[in-house]
Amino acid sequence: MAEERKLGISRENHTKSSSGEQKKGVPDLRTTIAGVEFKNPVMTASGTFGSGMEYGEFVDLNRLGAVVTKGVANVPWPGNPTPRVAEVYGGMLNAIGLQNPGIDVFMERDIPFLKQYDTKIIVNVCGKSVQDYIDVVERLSEEPAVALLEINVSCPNVKEGAIAFGQKAEALYNITSELKKHAKQPIMMKLSPNVTDITEMARAAEAAGADALSLINTITGMKIDIYKRKFVLANKTGGMSGPAIKPIAVRMVYQVAQAVKLPILGMGGIATAEDAIEFLMAGASAVSVGAMNFVNPYATVEVLEGIEAYMKKYQVEKLSDLIGVVE
Amino acid sequence: MKRKVTSKVISQKEISPAIFDLWLETDLAAEARAGQFIGVFPKDKSTLLPRPISICKVREDGKALRIVYRIAGQGTREFSGLREGDEVQIMGPLGNGFPAEAGLGKKVFLMGGGIGIPPMVELAKEIKKQSDDNTVIQSIMGYRDADTFLSEELGKYGEVFIATEDGSVGTKGNVMTAIREKGLEAEVIFACGPMPMLRAIKSYAQEKGIPAYISLEEHMACGVGACLGCVVKTREVDHHSHVNNARICTDGPVFEAGDVEI
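In the order they appear, the protein sequences are chains V and B. Quick note: the first sequence uses this note's numbering, first residue 30, plus one each step. Quick note: the second sequence uses this note's numbering, first residue 4, plus one each step.
Excised from the complex, chain V in its bound form:
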């Protein structure tokens, strides 16, 4: 069974691809976001992969284009009460509440762990106030190994901050322009789907100087236990993820790609290479696997291998020949 092996160990030819010449007949999987080159477009969705340690037992992290970390704030956050997760048809709800150990522990433990691997590091940054975000962004500027910052202004599960910056175009504009002043790395604003018009948000981020966009974050949902007459999640609402949300995510990536020039990291229910290629064709320059890591811990590498196989089969020489090609 494919799933019984630790995938990727024997694929050395891919671990050094980023600057080398591409071999003939081997598809060029490289992609670029905001001037940062990634050896391939497969990444992890923030919050579903920790900082890679847990899934490092299943997949070779060297195979990934990047690891996008769990959100980190200036101080430790305890997160929400349990139950924090629930299954729904074709997906799940979560209301973790951005539990994280804070930037100090993150810098001492998670960054050195990820630096051992030949993969790019994208750090997801969260906060309750603009100053919280600035504190984290400034700390991360000390660390050249961090390639890109993903700014989480769209978590639906924390009461203050976060989503408050991501649902009003003016607030998004303000925080983006403020963070641009402090960030050394390019910043990628993570957009919420829980808005009337996501292109309005995308345009506000672009106007404020954002370097890239990632979308979509989870869609706010709810589940009720009819036998107990209670909310299943302690937080009442949670963010929905999983294959059931994929068509919504693909549509939003397409709309945003039409509306702005910024590169897009696309995500939302990606389970297979076919799913990922939909996002690329809709206009994403790279893709993240999220909840499906829980269902198939080998999903990231299988998606990567599937994209490569597709490119070979249909004689697509380079990944950029797939990006935004839908018509």
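Quick caveat, the hints were computed from the structure, so don't treat them as lab data. Careful: at least some of the hints might be erroneous.
To be verified - 30 Å max Cα-Cα, derived DSBU-like pairs, lysine-lysine:
id, chain 1, residue 1, chain 2, residue 2
1, V, K157, V, K210
2, V, K252, B, K48
3, B, K236, V, K252
4, B, K128, B, K175
Got chain V sorted already, so can you dock chain B onto it with the hints?
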């Protein structure tokens, strides 16, 4: 090392109403210990997440695992239809397991409530295997009614005391009622069952000044410590979260009762 693998069903039978006894052929068994669990994946794509189910027994040759579970929803209902020769995806072994060595040379209580009883079988086996003359295993098992599944099997490893909610077998009441009624005593407790039972055991153990290793459950998603869905408040700041939140799936499911706020 944790892996997701395809396993083959050796046998399955309903040992009590809605309670199923499933043997799976898998080499994950070689690394498994009492108190650990596996994630069992439904085939139906509308039910995606692995179902965490504790290991009831590990076959001596390390090539098969037994789980005993209750139908609790769509996923476990699907599993109840598995037949000999069917394939099922599982991930494991997950979690830390019971420290069976803490029972060595001691008077031990194994306390199980309802569907918390199955892991006690492998634990009893492991403690018995390494036990000396001073080791005494007493199993105190709580059931709803006269369907006292696995109680005979636990009898192979020591004396078994039964409590039933309806009083149809053994002591009428719960495991705590049984201990008091029979005047039982122990130097260490291992327990798995519903939260009210675990809370009562925690306070009993504190009152007696003895350690109690309890196995917790919570809604889980990843099962491997990445998603932070299944946390429990801890007394001390833990090494991973730095916010007094241990992950039940990886830092547990077994905790010393005094270390967790339940």
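Each hint, compared with the structure:
Under the criterion of a C-alpha separation no larger than 30 Å, the hint pairing K157(V) with K210(V) is consistent with the structure, at around 18 Å. With a CA separation close to 19 Å, the supplied pair K252(V) and K48(B) stays within the 30 Å bound. With a C-alpha separation of about 24 Å, the suggested pairing of K236(B) with K252(V) holds against the 30 Å cut-off. For the hint pairing K128(B) with K175(B), the CA-to-CA distance comes to about 27 Å; that is within 30 Å, so the pair holds.
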